[in-house]
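Going by our numbering, the sequence shown opens with residue 251, and the numbers climb by one from there.
If you anchor each label on the Cβ, the simulated ranges turn out as follows:
hint	residue 1	residue 2	range
1	A366	K305	29 to 39 Å
2	Y312	L352	15 to 25 Å
3	A367	S315	31 to 41 Å
4	G284	A308	15 to 25 Å
List of simulated lysine-lysine pairs, DSS-like, C-alpha gap at most 27 Å:
hint	residue 1	residue 2
5	K305	K348
6	K341	K311
7	K311	K347
8	K341	K305
9	K311	K348
What the hints contain is simulated information worked out from the structure, not anything from laboratory work.
Using N, Cα and C, we set each Cβ at its ideal position, and we do this for glycine too.
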Amino acid sequence: LAPPTPAWYTKQNHTKGGRRRMPCAYVYIIRCRGGSLYTGIARSVCRRLRQHTEKSPACAKYTRSHPVEALEGLWRAPDLASAARMEYAVKRLPREKKLLLLREPERLGALLPTLAAEEYTHQPGVSLEMCLEGQYDER
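Sequences and hints are given; from them, build the entire structure.
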């Protein structure tokens, strides 16, 4: 018997040669009350930000006690594994380098050389309000 088809699988997520391709994922940096920065990943960044702001059971423990104020940076990664690698690398950066990355997102490869070969696309102009109001198209 063949294994069941995953819920995310569609013809659009198929590459030539019959190999399945996981849909993209996002790495986001949000500013919380007190000016702290929180980095996370999500397949649906709008849904995830809604969870953080509404303090749903799925929100991060950190954002329960440090409410989200703004979406500071957003990058699209080719898949969840790439997003997790970027999240890990960004979380290890000192605050000053995170702020530099937010000011100059094109310097991602210079600030995080281990990620230079990967394809991360900065998503400029996306705000927390756009995500919460459903105005950002995640396709």
